[in-house]
Amino acid sequence: MGRLAEILNHLQQGNSEMVSNLTRKAIEEGISPKEVLDRALIEGMNIVGKKYGDHEIFLPEVLLAAKAMYAGMDVLKPLFLKEEVPHRGRIVIGTVQGDLHDIGKNLVGIMLKGAGFEVIDLGNDVPPEMFIEAVKREKAMVIGMSALLTTTMPVMGKVVELLRQEGLQDRVKTIIGGAPVSKEFAQEIGADAYSYDSANAVKSVKELVDEVKERYGGNP
Amino acid sequence: MRPILRLLNDELVERIVSEARDVLCKLGVEVHNQGVLSMLRDHGARVEPTKSRVFLTNTIIDQALDTAPKSFKLFDVLGNETHDFSDNNIYFTPGSAALNILDYPHGEIRKPTTDDYVRYAKLVGKLKNIASQSTAFIPADVHEKISDSYRLYLSLLYCEKPVVTGAFSIEAFAIMKDLQLAVRGTEEELAAKPLTIFSCCPTSPLKWGEVTSQNLVDCAASSIPVELISMPLSGFVAPVTLVGTLVQHTAETLSGVVISQLANPGAPLLYGGSPAIFDLRYETTPMGAIETEMIDCAYSEIGKFFGLPTQAYISLSDAKQLDAQAGLESAMGATLAALSGINSISGPGMLDFESCQSMEKLVLDNEICGMVYRLIEGIEPKDDFPSLPKFEELLREKHLLISEHTRRYLRGEFYLPGQTIDRTNRTRWQGEGGVTLLARAHREVERLLDEYSPSRLPESIKREMKKLMEAEARRHGMKGLPKTNW
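Residue numbers (our numbering), protein chains in the order written: chain A, 1070 to 1289; chain B, 276 to 761.
Quick caveat, the hints were computed from the structure, so don't treat them as lab data. In this text the structure is predicted, and so the values were computed from the model without any measurement. Virtual Cβ for every residue (Gly too), placed ideally from N, Cα, C. Careful: at least some of the hints might be erroneous.
[Stated by the list, open to error] If we take Cβ atoms under 8 Å as the criterion, some of the chain A residues that face chain B in the derived model are: (1) Phe1127; (2) Leu1132; (3) Leu1133; (4) Asn1175; (5) Lys1252; (6) Tyr1265.
This is chain B alone, in the form it adopts within the complex (with noise of 0.2 Å):
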C-alpha cells in the first residue's frame, strides 16, 4: 500500500477553494503587463484599468481548470523519458536559484563561478535520486543580463538531466528557448518532449509583475511547462493562520493557472509553491518550518483535489552549515512530500532560505530521497505467505543468510545507502579517521566527479548552443564567456 498523507478533510478543501475564487472574483489580481490585462479582458474579465487590477468570473477559471493538463512529461536532453508528473509519481530536483555556494572545508559562503556551475552539473548527472537539475545557483562571472541564460547553457552541456529553470527578465527568454531548440532540434519535437520547467512567481498579496506574468504567458505559448511559485508568508503579507494562507495561495495559484491556459490551452503547469510562515522574532520565513512543510503539503492537496500534478519547495533547510538542523529540516520535508505524493519536490542542497547551495548537503539529501523513496514503496508481501516453510528453514539451518528468499529480495527490500550515511560499528568507524558527515559527504562528491562522464549529446549541438551563448553574451557587452572545457 502506497502511504499517503492528507492533512486536510474534502470538506475544507472545497471550502478554501471556494473562498479562493471569492477573493478572485471579487477583490481580483493585480496584473502589470498590458498585454496580460487585454488578454484576460478579451476572455470576459473587468478590468479596472488605473489600479491593473482584473476580476476574475468563476466561468474563466472553470474553463482554465478544464484545459489545464493533468499530467505530462520531461525528456532528457538525449530525448529520453525521465519524468511522468501524474498520480502520486514523486522526482527531486535542487533547489534553486542561490545566490551563493557553501565552501568546503572552511563553511564559508561566497559567490558561484562557472567553475562550480560546472561540477554541480556533473554532480547532479550521478545523483540517482535526483532526477532533474535545476539552475541551483547563479555563477558571478558573467554579465547578470546572461546570469539566467547561462546556468541553463551550462546546465544542458555537462549533465543529460532535464532543468528546472526560470528567466530574469522578458528578453532573456528567447535564448533560454533558442537554447532548448539546439538540443530539441524543432519546436514541435520541443512540444513534444518537454526538456525544462520555469518557475514563474506571483507576488504576495495577488500580484503578477511585468517578467513573471509575461515569462509565463511565452513559456505557455511554446508549450514550455512551468511551475506556479506563489509565496504567500503567513501573518505577513498573508493571514497567519494556515488555513488563510491557502486560501490566499490557491487564489494566487489559480490566477497563474488562468493566464496560463488563456495564452495557450493545454499548456503544462505545475501547481507549485514557495509559501512559508514568516517568523515574527527574526523576521525570516524559515523553508524548514513544519508550519511551512504542512502548508505546502496542503496546498498540494488542493492541486490534485483540481486533479493537476504538483510541486514544493519543501526538502531544504535554514541551517547555515551541513549540521543536524540541515539534516532534520531536509528529511523530514522530504518526507512528508512523498507522503503528500507532491509530484515535483524541489530543494535538495539548499541552505539558508533558499540562498545557499552545498555540493555536499546535495548528496546527502540525495541519501534522503533515497530513502524516501523507499518509504512509498510501501510494505508488501513478497513471497512470505505461507510462512511455515520459511520459519522451518530458519529453524533448521539457524539463519537465513544465504536462503534464497533472501538473496531474492535484500536488494530491493532495503534501500542500501552510500558511504555518506555512517552505519558502521563504532571501532571500524574510528579505526577509519573517525570521519564526520561533512567530509565523508565530501568525499563523496569527489568521488562521483571523478566518475563523471561527458554528456552524450552530439558535439555539434554542444557547438550551437556555444554559438548562441556567445552571442548573447556579446550582446551585453562581455568578450567572451568565460573558459570551460567539455
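In isolation and in its complexed conformation, chain A is listed as follows (with noise of 0.2 Å):
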C-alpha cells in the first residue's frame, strides 16, 4: 500500500496518532506538503463524507475521521511557510444575537474543515455588524448562520440586509440552518442556501463558493 493510501485508510479509522505518524514519514519521504493535504488528508474526508450519506457510517467515526484529518494538516501547516494553508475557500460562521446554541454550528464547523474550507468562527451571540466585519477582514466567501429559537432567527434576516446595504450580497453568500429554520424561511429573507444537517452544509457550501470562485475567481 502507497504512503498516501495508508494515510487515506487511517484516517476513515479516525486513527490520529497514525495520521499524524504518517503524514510525518511522507513529508520525509519527499511527498510534497500539497499532495498529502489533497490526496490523502482532503480526499479521505470526501470518501468519509459519502459514507456518511450512504448511512455506512455514522457522525461519531465523521468527527473522529475529521479529528484525525486535523492531526494530519497540524504537521503539514508549518511547511506552508508563509504561503498559506491551501483551502477551498473561507467560511465565516457563528450563531446570531441571542441565541446562544451552538452545537449545530460547531458541528457544521468541524465538516466545513473535514472538506478542506477555512472556518472562521465567531462563536455564539454574534450582532449582525460582527458577521459584516469580519467577511471583509477575513475576505470569506461565505457567511453560515445558525439559530435555534424562533425569537432569533430575525437577525439571520438582518445579516443578509447589511451585506445588500454594503453592496456584498455577490461576493459573500448566506447559508443559514437550526432546528426552526427551513427552506422557505432562507427565501423570505433572502438568504443564498438553507441546510438541513451538517452534510448537507458541506454541499451547499461548496456550492456557493463555486458560485463567487466563478464569478470573481480565488479569494474575492
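Mind assembling these two chains? They're in different frames, but the hints should get you there.
Written as C-alpha cells, this is what we have:
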C-alpha cells in the first residue's frame, strides 16, 4: 500500500496518531505537503462524507475522521511557510445574536474544516455587524448562520440585509440552518441557501463557493 | 429488566383452566376421526360413537401436559439452530396461507403465482428480524391438490430459514414429510433437528375435523412440531366475553395437546391460536382488534402456566392497503406479543383478515419487529455508573459525539431502522422526492431481492426435491411444474 493510501485508510478509521505519524513519514519521503493534503487528507474526508451520506457510517466516525485529519494538518501547516495552507475557501460561521445554542453550528464547522474549508468561527450570540466585519476582514466567501430559537431567527434576515447595504451580496453568500429554520424561511429573508444537516451544509457551501469563484476567481 | 405484560392474575388463570377442564370432561369434544377416537378410547376416555364425541379425564389431560416438551428448537435447511422456543424468547414469522397478494403499485389484489412465491421466499431470507418463513400464500398456478406441498417445496428451495406450514389434506402430509427427509437425510435427523412447524386447527366450538386431527397425529408420530391453532370467535361461536373465549380456547387447545401426546408422548408443540372477536356490525373477525390481541396475550399466559412454548397470529392487520391502520394494528400486536413473551409471533406481511400478503408490508413489519426486539431488551446500565466522569467529559467537550462510551454503545443501544422508516428532516425528505411509505417499502423490497444469493442447500438435494415434487404433480394430472430457476 502506498503511503498516501495508508494515510487515507487510517484517516477513515479516525486514528489521529497514525495519520499524524504517517503524514510526517510521507513528508520525509519527499511527497509534497500539497499532495498529502489533497490526495490523502481531503480525499479521505470526501470518502468519509460519502459513506456518511450513504448511512454506512455514523456521525461519531465522521467526527473522529475529522479529528484525524486535523492531526495531519497540524503536521503540514508549518511546511506551507509564509504561504497560506491551501484551502477551498474561507467561511465565517456563528450562532446569531440572542442565541447561545452552538452545537449544530460547531458540527457544521467541523464538517466544513474536514472538507478543506478554512472556518472562522465567531462563536454564539453574534451581532449582525460582527458577521459583516468578519467577512470584510477575512475576505470570506460565505457566512453560515445558525439559530435554535424562533425569536432569534430574524437576526439572520438582518445580516442578509446588511450585506446588501454594503453591496457585498454577490461576493459573500449566506447559508442558514437550525431546527426552526426552513428552506422557505431562507427564501423569505433572501439567504442564498438553507441546509438541514452538517453533511448537507458542506454540499451547499461547496456550491456557493464555486458560484463566487466562478464570478470573481480565487479569493475575492 | 425484561419488560413483561400480564393481563391475568394467577387466580383467574387457575379458574379458567379449571373451567376448561370441566368442559372437556363433562361436555367433551367432537373428533371426526375414527383412528383418533379409538386412540382416545384406548387411553381411558369415554367415547359416544354416534356423535363422535369424546369425554376426556383429568388424568389424560395431566398426563399429556406432563409429556409435552417445555421447549424445543428449530434448525434451518443447513442444520443450523435458528429458534429456541423456551422462556420468553420471541421469534417472528410471516402470516400464512393468504389467498391473495397485494400488487404494487396499484394496490389491487390478485391470485399469487409461483413467481410471487419465489420472490417472497427470497425476500424472507433477507429480513433480519423475521426468523422463519411461513408458507405465506397459495400459488394459484398449480393444481390445488399440491398447493400445500408446492409452497413448502419452493420455500425449501429458495430460502434457508425454517418453515411454518400446514397440510390441506391427509395425503399431502406424506410428500411434505418426504421433502423434509430429502433435506435432513434420515427420520432420526429430522426428529433431532426440526425444520418445520405444522399448523393444526380445531374447529370452534370444540371440534376436530378428520384432516386436522390426522395431521396432528401424523406430525406427532414423526416428531414434527405443530402449532395448535384454536379459533374461537367471541360473541359468535364463543362467549362474547374475553374470559369466556379464553375458557373455550383453553379447552380446544388442551384437547389438541392430548391428541398429540397420546400419539407420541414428547412430540413438540406450540400452545397457539388465532382467536378473534366477532365484529357484529360487519360480520368480520378483526385480527387487529385490541380485544383479539388481548385474548392472544392472555392465552399465552395460560400456555406458560402449563409450562409450554406459545404462539399467536397477532402482528397483522385487517386493512386492505399498506396504510396507517395496517401499521398501527401490526405494531400494537407485535408489541403486546413481545411483551407477553409469545414465543412464535405470526402475522408480518398479512392484511385483510389473514387473506392477503404484501411484500411491502412484510418489509415494514420487519422494522416493527426490529423495534420490538429492542423494546424487550429493556433498559440496562452500560458503564453508566458512576455518572460524574461522563458529565465532566460532556461539560468539557460540549458534546459526547466522539466519546468512547458513545462509540462503544451507539449501535447496540439504538435500533436504527432501514430506509422504510422515514427519519429525515422535511427538507431532505422533500429534496429526495417526498417518497411515501409504500414506495419506500417497495424500493427496499427490490433492493433486498437484488442482494439475494441462492440457498446453500446442496444441488443434489434440490434435484431430489424437484423429482419428488414433479412426481407428486404428475400424480395429480399435471404435466410438470411451473418453470423456476434456482
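Outcome of the hint check:
A distance limit of 8 Å between C-beta atoms decides the matter here; for A/Phe1127 the minimum to chain B is near 7 Å, and the interface restraint holds. The interface hint given for A/Leu1132 holds, since its Cβ lies 5 Å from the closest Cβ of chain B, which is under the 8 Å cut-off. Interface hint status for A/Leu1133: upheld, as the beta-carbon distance to the closest one in chain B is roughly 5 Å, under 8 Å. With a least beta-carbon distance of about 7 Å to chain B, the hint placing A/Asn1175 at the interface is held under the 8 Å criterion.
Interface restraint check: A/Lys1252 against chain B, minimum CB-CB distance 5 Å, threshold 8 Å, status holds. Hint status for A/Tyr1265: holds, given a least beta-carbon distance of 4 Å to chain B, under 8 Å.
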